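K.L.:
When the letters of the sequence shown are read in order and numbered with the working numbering, they come out as residues 1 to 180.
Be aware that a few hints might be false.
[Unchecked claim] Taking lysine-lysine and the DSS-like style, the derived pairs with C-alpha atoms no more than 30 Å apart in a straight line are:
{"#": "1", "residue 1": "90", "residue 2": "71"}
{"#": "2", "residue 1": "33", "residue 2": "140"}
{"#": "3", "residue 1": "71", "residue 2": "96"}
{"#": "4", "residue 1": "28", "residue 2": "96"}
{"#": "5", "residue 1": "76", "residue 2": "96"}
[To be verified] Distance windows between CB atoms, simulated:
{"#": "6", "residue 1": "105", "residue 2": "30", "range": "33 to 43 Å"}
{"#": "7", "residue 1": "154", "residue 2": "114", "range": "30 to 40 Å"}
{"#": "8", "residue 1": "27", "residue 2": "133", "range": "47 to 57 Å"}
{"#": "9", "residue 1": "134", "residue 2": "42", "range": "51 to 61 Å"}
I should point out that these hints are in silico values taken from the structure, not numbers from a laboratory. Note that the structure is a prediction, hence the values are computed from the model and not measured. Every residue, glycine too, gets a C-beta built ideally from N, C-alpha and C.
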Amino acid sequence: VTELNGVQVPANAYPNIQRNASVTKDFKRLIPKPIVIVVQINGQPARALLDSGSLADFMSYDLANQLRVAKVELTKPLPVQLAVQGSRSKVNWGAKARIQYQSINCDRYFDLINLQSYDLILGTPFLFQHNIMIGLNPPKVIVGSADPLPLRGEGVRVLESRAADLLEDDLQHVRQSLMD
1 VTELNGVQVP ANAYPNIQRN ASVTKDFKRL IPKPIVIVVQ INGQPARALL
51 DSGSLADFMS YDLANQLRVA KVELTKPLPV QLAVQGSRSK VNWGAKARIQ
101 YQSINCDRYF DLINLQSYDL ILGTPFLFQH NIMIGLNPPK VIVGSADPLP
151 LRGEGVRVLE SRAADLLEDD LQHVRQSLMD
């Protein structure tokens with residue numbers, strides 16, 4: 001005999017399925033601090049998160065406006081996919097700025113997005129091109145290359161935009177052909 005310790009839930013007690021697998025059960029937990037560094041952007045200090053899970057380098061709109069960096073409107077907005085399901089955002093603008101950190105001193109392209117806690121997110125392009133090594137215990141950042149290395153090799157892939165161009169006239173034409 002197997003004891004299951006199940007509880008019978010009355011009918012219609014829940015209007016839908018509960019999806020609570022990721023609900024935090026504890027009020028407190030210990031977590032290591034993320035690696036946040038202070039870099040110079042166009043000669044001004046900025047807080048940057050080093051993020052090995054980000055596929056791009058980002059600058060906050062606020063920082064771009066404060067530093068008056070020249071913004072470039074993208075021909076096609078690029079979707080930003082976050083780890084949280086249902087979170088959607090788009091990159092409509094980009095900018096180049098001079099970044100300085102340890103031995104690094106170069107111009108770099110950033111996608112502009114709304115950031116809350118940081119001025120910059122330095123993702124895998126920055127980490128790869130400058131051969132950055134990150135340690136969490138103890139916290140450390142080691143720059144392997146002051147000059148940006150080319151993005152090529154076994155660990156590099158092409159990230160293609162899946163943006164579609166829909167023109168209202170073409171859409172109307174397609175609707176008409178489906179009706180016929």
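K.L.:
Would you mind marking each hint as holding or not holding in the structure?
P.N.:
Do the hints match the structure? See the list:
1. Our distance criterion of 30 Å between C-alpha atoms is met by residue 90 and residue 71, whose separation comes to about 15 Å.
2. A hinted pair counts as satisfied when its Cα atoms are at most 30 Å apart, and residue 33 with residue 140 qualifies at roughly 12 Å.
3. For the hint linking residue 71 to residue 96, the alpha-carbon distance of about 8 Å falls within 30 Å, and the restraint holds.
4. Distance restraint check for residue 28 and residue 96: the Cα-Cα separation of roughly 40 Å exceeds the 30 Å cut-off, and the hinted pair is therefore not satisfied.
5. This hinted pair checks out: residue 76 and residue 96 have alpha carbons roughly 18 Å apart, not beyond 30 Å.
6. At roughly 37 Å, the beta-carbon separation of residue 105 and residue 30 lies within the given 33 to 43 Å, and the hint holds.
7. Between residue 154 and residue 114 the C-beta distance comes to about 34 Å, which sits within the given range of 30 to 40 Å.
8. In this structure the hint that residue 27 and residue 133 lie 47 to 57 Å apart at CB is violated, the actual value being about 35 Å.
9. For the pair residue 134 and residue 42, the supplied restraint of 51 to 61 Å is violated, since their beta-carbon distance comes to about 25 Å.
When held up to the earlier numbered hints, the structure conflicts with 4, 8 and 9 and fits the remainder.
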